[in-house]
Each structure stands twice: as structure tokens, then as C-alpha cells.
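The listed protein sequences derive, respectively, from chains C and A. Sequential numbering of the first sequence, starting at 1, is according to my numbering. Sequential numbering of the second sequence, starting at 1, is according to my numbering.
Hints may be right or wrong, so weigh each one.
[Said to hold, decoys possible] Derived CB-CB ranges, DEER-like:
#	chain 1	residue 1	chain 2	residue 2	range
1	A	His109	C	Gly28	37 to 47 Å
2	A	Asn53	C	Lys78	38 to 48 Å
3	A	Tyr39	C	Ser27	34 to 44 Å
4	A	Lys42	C	Arg22	16 to 26 Å
[As the list claims (entries may be wrong)] Stretch by stretch, here's where chain C covers chain A in the computed footprint (C-beta under 8 Å, at least three residues):
#	segment
5	19-33
6	45-52
7	75-84
No lab work stands behind these hints, which were simulated from the structure alone. All residues carry an ideal CB built from backbone N, CA and C; glycine is no exception.
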Amino acid sequence: EAGVTQFPSHSVIEKGQTVTLRCDPISGHDNLYWYRRVMGKEIKFLLHFVKESKQDESGMPNNRFLAERTGGTYSTLKVQPAELEDSGVYFCASSQDFGAPDYNEQFFGPGTRLTVL
Amino acid sequence: QKEVEQNSGPLSVPEGAIASLNCTYSDRGSQSFFWYRQYSGKSPELIMSIYSNGDKEDGRFTAQLNKASQYVSLLIRDSQPSDSATYLCAVRGGSYIPTFGRGTSLIVHP
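With the hints as extra help, turn the sequences into a complete structure.
See below:
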């Protein structure tokens, strides 16, 4: 079974540019989460999708961040325009439906390392 | 603000010893507790979850939870060099969103 995949693995952009990160969750996982880890800090929650709906986006830093999950499959996270403080590792995770026995387990992707110069 | 505290380490133990990793949390309403292992440059991997006070054992790993003291720990018996990684503590309350600690770096030396 394929795990959570993320693309790209690394991205280096200049301040003011736009970057789009992609996450493909495990097939059949309704729940998809985006997290970010800034260097030296803890992993912080950004938002949560249940299928194609945004369940909780309380962690999104500001309106420069836009997440979508059209069709309830893969998700994209767009940063426009990027700022220096957006640098970090962006993780995606997925989990089963809340009715499933293992719904507590979130499977993480390898992350996208974003560097804004 | 919910906080999860971990000693950043590194915690260095010899091969075969018991490694003890600790985590405290601020939210008394927390219900679910998780330990993730993260190798450098890799994704966090869930290794233990615990929901009630006491000990939970899985192979060489034991998670211990004390809700009164707001403390959760992970013991790794017979530590191996392959256990060298960063261990992340995550705590979840009524929502489905965990709060993570910064992680403790563990080094198991031969």
C-alpha cells in the first residue's frame, strides 16, 4: 500500500513568488491534514480536510495560504506571495474515517522543505 | 495556549540500555497521547498511542501516562543504534488535532 506522498520534496523560491505544494493521501483516507515545522520549533497544525470540505483551518497563518482538496483526493497548498517566514517543512498527513478503528493514527508524508530567499 | 514540552536532548545512551523519554503537557483536558519517531529527513512515524493512565507495552517500547501529573513518557528497552532518531510527543484533547512537542533527539551508541 502506497503511503502519503508529497511533491516537491524541496522548493527554493524568492520572496514574492508563488509556490504550490501537493499531497496525495493514502487511498481511501477521508481525513487530510497539513502541518508546518519551522526550524527549531514544533510541528504546528495548519488545516484539516474531511473529504473535500475544510473541517478546521484555524492554524492557517494568514490569507496568503490557500488549501484545496478538489474531489476529496489529493490536496494542494498554495503560498502566494511567499515571505521569508514561510520557510520550513510542510507535512501532510492522512487518516481513516472517524468511524474506523484506527482513525487515531495519522500517517505522515515525507514533507516538502520550502526555502524562501 | 496548549503546550507540550520535551527536553530537546540529545539523550545519549549505550546500546542495550533503557532510554527514557519524557513529555509534559499543559491541557488537563487532553485525552489522547502519541509518540512519533522521526529519522532525519523522513516523515514522523507513529510508534505508540496511549489513552488511559498506566503503562502500555508494545515490544521494546513502553508508554507511561500519568494524567494527574500531566506527564507521559516512552521507555525503549534494549536500545539499538537503529533507535537513534528524534522522538516527538503529541497530545490531543477533544478535537482531532494534536499538539506536538519539539522532540527529543536520541542517540544510541555502540
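Legend entry - Outcome for the supplied range 34 to 44 Å, where the beta carbon pair is Tyr39/A and Ser27/C: violated, 25 Å
Inset, instruction - For Lys42/A and Arg22/C, compare the CB-CB distance with the range 16 to 26 Å and indicate the outcome. - result: Once the Cβ atoms are compared, 19 Å apart, the range 16 to 26 Å for Arg22/C and Lys42/A holds.
Legend entry - Outcome of range test on Cβ distance (His109/A, Gly28/C; 37 to 47 Å): holds, 42 Å
Inset, instruction - Just tell me: holds or violated, for the beta carbon distance of Asn53/A and Lys78/C against 38 to 48 Å? - result: holds, 43 Å
Inset, instruction - Tell me if chain C covers the segment 45-52 of chain A under the three-residue, 8 Å CB rule, please? - result: holds (count 3)
Legend entry - Stated coverage of the segment 75-84 of chain A by chain C [criterion: 3+ residues, CB within 8 Å]: Violated: only 0 residues of the segment 75-84 of chain A have a Cβ under 8 Å from chain C.
Legend entry - Verdict on chain C covering the segment 19-33 of chain A, criterion of 3 CB contacts below 8 Å: That given contact is violated, which follows from only 1 residues of the segment 19-33 of chain A lying within Cβ reach (below 8 Å) of chain C.
Consistency with the previously given hints fails for numbers 3, 5, 7, ordered from lowest to highest.
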